[in-house]
Amino acid sequence: MPKSKSAYSEPGKLGKTEHHIIVVWVDNEAGVLARVVGLFSGRGYNIESLAVAEVDKKKHISRITIVTSGTPSVIEQIKLQLKKLIPVHKVADFKRNDPNILFKELALFKVVSSKKNREKAQKVCKKYNSFVLDKSKNSFVIQVTALRREIDKLIETLGPLGLVSTSRTGAVAMTRGAEIFK
Amino acid sequence: MGKLISGAEIVFKVLEHHKVEHIFGYPGGAVLPIYDELKNHKTIKHILARHEQGAGHAAEGYARSSGKPGVLLVTSGPGATNAVTALTDAYMDSVPLVCISGQVPTHLIGTDAFQECDTTGITRPCTKHNWLVKDVNDLAKIMDLAFEVATTGRPGPVLVDIPKDIQFKKTNFVLKNSNKKKPNGKSKPNGKISSSDLDKVINLMKKSSKPIFYTGGGVINSGPEASKSLRELVSLTGFPITSTLQGLGAYPGDDPLFLGMLGMHGTYEANNSMYSCDLMINIGARFDDRITGKVDEFSPNSKKIHVDIDPSSIGKNIKVDLAIVSDVGSFLQALNKRIKEKHKDFLNSNKQNIAKWWKDIDKWRQKKSLSFKNSKDVIKPQYAVQRLYELSKNKDTFITTEVGQHQMWAAQHYKFNKPNRWMTSGGLGTMGYGLPAAVGVQIAHPDKLVVDIAGEASVLMTMQEMSTAVQYKLPIKIFILNNQYMGMVRQWQELLHEKNYSESYTAALPDFIKLAEAYGCVGIQATKPDELDEKINEMINTKEPVIFDCRVDPAENCYPMIPSGKPHNQMLLGPEDEKEEVTDEGKTLV
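Chains as they are written, first to last, in my numbering: chain A, 1 to 182; chain B, 1001 to 1590.
These aren't lab readings, by the way, just hints derived from the structure by calculation. Treat the hints loosely; a few may be bogus.
Stated by the list, open to error - Distance condition first, Cα-Cα at most 30 Å in a straight line; then the derived DSS-like pairs of lysine-lysine:
id, chain 1, residue 1, chain 2, residue 2
1, A, Lys-90, B, Lys-1045
2, B, Lys-1316, A, Lys-83
3, A, Lys-84, B, Lys-1566
4, B, Lys-1294, A, Lys-58
5, A, Lys-16, A, Lys-83
6, A, Lys-84, B, Lys-1013
7, B, Lys-1045, B, Lys-1566
8, B, Lys-1170, A, Lys-84
9, B, Lys-1356, B, Lys-1192
10, A, Lys-13, B, Lys-1395
11, A, Lys-84, B, Lys-1045
12, B, Lys-1200, A, Lys-79
13, B, Lys-1294, A, Lys-83
14, A, Lys-13, B, Lys-1019
15, A, Lys-16, B, Lys-1351
16, A, Lys-58, B, Lys-1170
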């Protein structure tokens, strides 16, 4: 059987995939998120999570935090392509294991189960700055802030303890120390 | 408090401010207020196309041949969607276009109103930027910014979507003359080229014994001065130079230092030089996949310098050793100055260094890779292009093309000596580009000879624009290399799909002579090689638009060709080379 035939070359050697957190400061105008997200989907880049909100009310600047993965050259392209978008002011790129960067994600869990399991669940969440936001006879809603992978793990642990609903914000990031990204 | 004027009038005020003389378009419901306003602006002439895609390609031809942005005016819904092909084409080939589209009134947006579509959504990936104007007070600023974005940095298309109510609404017209504040500093590459970068370039040039300039459309886009500087640089160094499809004309095609076009259908000497060089100086080209072939084996032993105005073009496909983000014109000027100041005798002192290299190149040249077996009985397409070149080269001729074999033959056999004389759809490869592009070129250059070297399949895609040419008395010449096949498709099917010519033969073609007459222009046909010159001269001397039906050998293939996943140093030169079996694996790679 002949293989598929096309007019294009075969893929070259691929570099190693890395996880990066890309932070983009944009004008908060109509369609800006579609531009950023469309760039990712159109060029085949990954989005693992996305968090966006206006951070400067006066200048109407929004901060978009995107967790992505790709080879070093793909990550470089992502940054360069983002910088070409007209409403984009600046683009920062952090490696996931960069010790100088703080990463946090907020999650809400709804647990419906027996008292015993709810207590267990609450205990598991304790070390992630947890707050119980709502309680009923057989349920509670709890908020945690943690790293992405910690939340991934929590979801696994909470499953058998009655986790019925999860909501996550996606990771946000900030540099440590007095420096800010210019 | 000044006089209040309508959104439609503001559109024209900004067009006038940017000295726009021609707009290409097609009216419709959602854009009528702008069309209504047209009569009040005598310096702006509207060219009525027959399809919005045609209007778009015409605007592209206008832009590429004149260096000015092309302006396109279309209605909402189908008007906008028909323009998408032209916008994408312009985006791929970096052509500055400003597309103004009508939109349904603001209060109807999102209701699936008649002729509504999400124009900004649809055109977002095929424009540099687009705007939906929601407030008439923003209109002047947005229109002005649209020109700024389209024409600066790496040029490209932009779109301004204007709802009908905004076109009617009145406001004060204020256009701040000082639009100096660039949108987030994107338009201009930052600052001057550092002399340390220039010295690095010169150092690499001195160390190299096998250098090559690889130049592209960026040189054309940078303006005629850039082409002049490129010529100077080549003469200062004595280095060989090759060009991409889009860069043809930046350097004289008949100059001995020019190796011809490179890439899939480039010359043997150009591709072998690219493979074997030890220094590649890329000026305004983008390492497109038609150029590089197999990336892993692309020019394995060379240091690479890449000069480009678009930082995202550098390192995208090929890693380079020295990246310089700059307008290529400014770079070339600065480099020439540096060489003349600090390395006056570069050419002579370096001659010995590259003498062996030129000997290698001459050996490759001996292969005469563009040669073909001519015939007395049937017109070979290459011969037709050669004759057209010989008979039109003494005029300042502008050539457009469609897409396919004829396009490659035109690129190989027509020698361009000036920039902006060659308009072809390279990145997107849009069949149907050439005829409307010729319309736009002729609008920009009413007294010049404009020829669309076409294929019969491509040209039928936008044939309706002949009607535009006739309306505006544009004497464009449509020189059809008629082989009755989608020739490039047929060629690939022959080489890769066991000659299964699936749907690539057009069993019913129009009589092009009668078609020409139906449109009100002149039809000429040539079927024998010995009548070709006379017929081409007849075409050139005809004052009306011409459709020239040049019946050529239907079985001719386009050579040379980099086949099946081979690197640049293993080209097919002609049918004799084909016998070497293409492996299954290789078939995916052409």
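Hints, one by one, checked against the model:
Pair hint Lys-90/A plus Lys-1045/B does not hold up; C-alpha atoms about 41 Å apart against a cutoff of 30 Å. Restraint check: the Cα-Cα separation between Lys-1316/B and Lys-83/A comes to about 14 Å, which is no more than 30 Å; the hinted pair holds. For the hint pairing Lys-84/A with Lys-1566/B, the CA-to-CA distance comes to about 34 Å; that exceeds 30 Å, so the pair is violated. Taken as a hint, the Lys-1294/B and Lys-58/A pair is broken in the structure, with Cα atoms around 51 Å apart against an allowance of 30 Å.
A C-alpha spacing of about 24 Å is found between Lys-16/A and Lys-83/A, which places the hinted pair at or below 30 Å, so the restraint holds. Our distance criterion of 30 Å between C-alpha atoms is met by Lys-84/A and Lys-1013/B, whose separation comes to about 29 Å. Pair hint Lys-1045/B plus Lys-1566/B does not hold up; C-alpha atoms about 51 Å apart against a cutoff of 30 Å. Our distance criterion of 30 Å between C-alpha atoms is broken by Lys-1170/B and Lys-84/A, whose separation comes to about 34 Å.
Our distance criterion of 30 Å between C-alpha atoms is broken by Lys-1356/B and Lys-1192/B, whose separation comes to about 36 Å. Annotation: proposed proximity of Lys-13/A to Lys-1395/B is violated, straight-line Cα distance about 49 Å (limit 30 Å). At roughly 33 Å between alpha-carbon atoms, Lys-84/A and Lys-1045/B are farther apart than 30 Å, so this suggested pair is violated. Between Lys-1200/B and Lys-79/A, the direct Cα distance comes to roughly 26 Å. Compliance with the 30 Å bound is thereby established for this hinted pair.
The suggested pairing of Lys-1294/B with Lys-83/A holds, with an alpha-carbon distance near 29 Å, which does not exceed 30 Å. Distance check on the hinted pair: Lys-13/A and Lys-1019/B sit about 50 Å apart at the alpha-carbon level, beyond 30 Å; violated. Using a Cα cut-off of 30 Å, the hinted pair Lys-16/A and Lys-1351/B is violated, with the two alpha carbons roughly 44 Å apart. For the given pair, Lys-58/A sits about 28 Å from Lys-1170/B by alpha-carbon distance, which is consistent with the 30 Å threshold.
Of the numbered hints stated above, those contradicted by the structure are hints 1, 3, 4, 7, 8, 9, 10, 11, 14 and 15, listed in ascending order.
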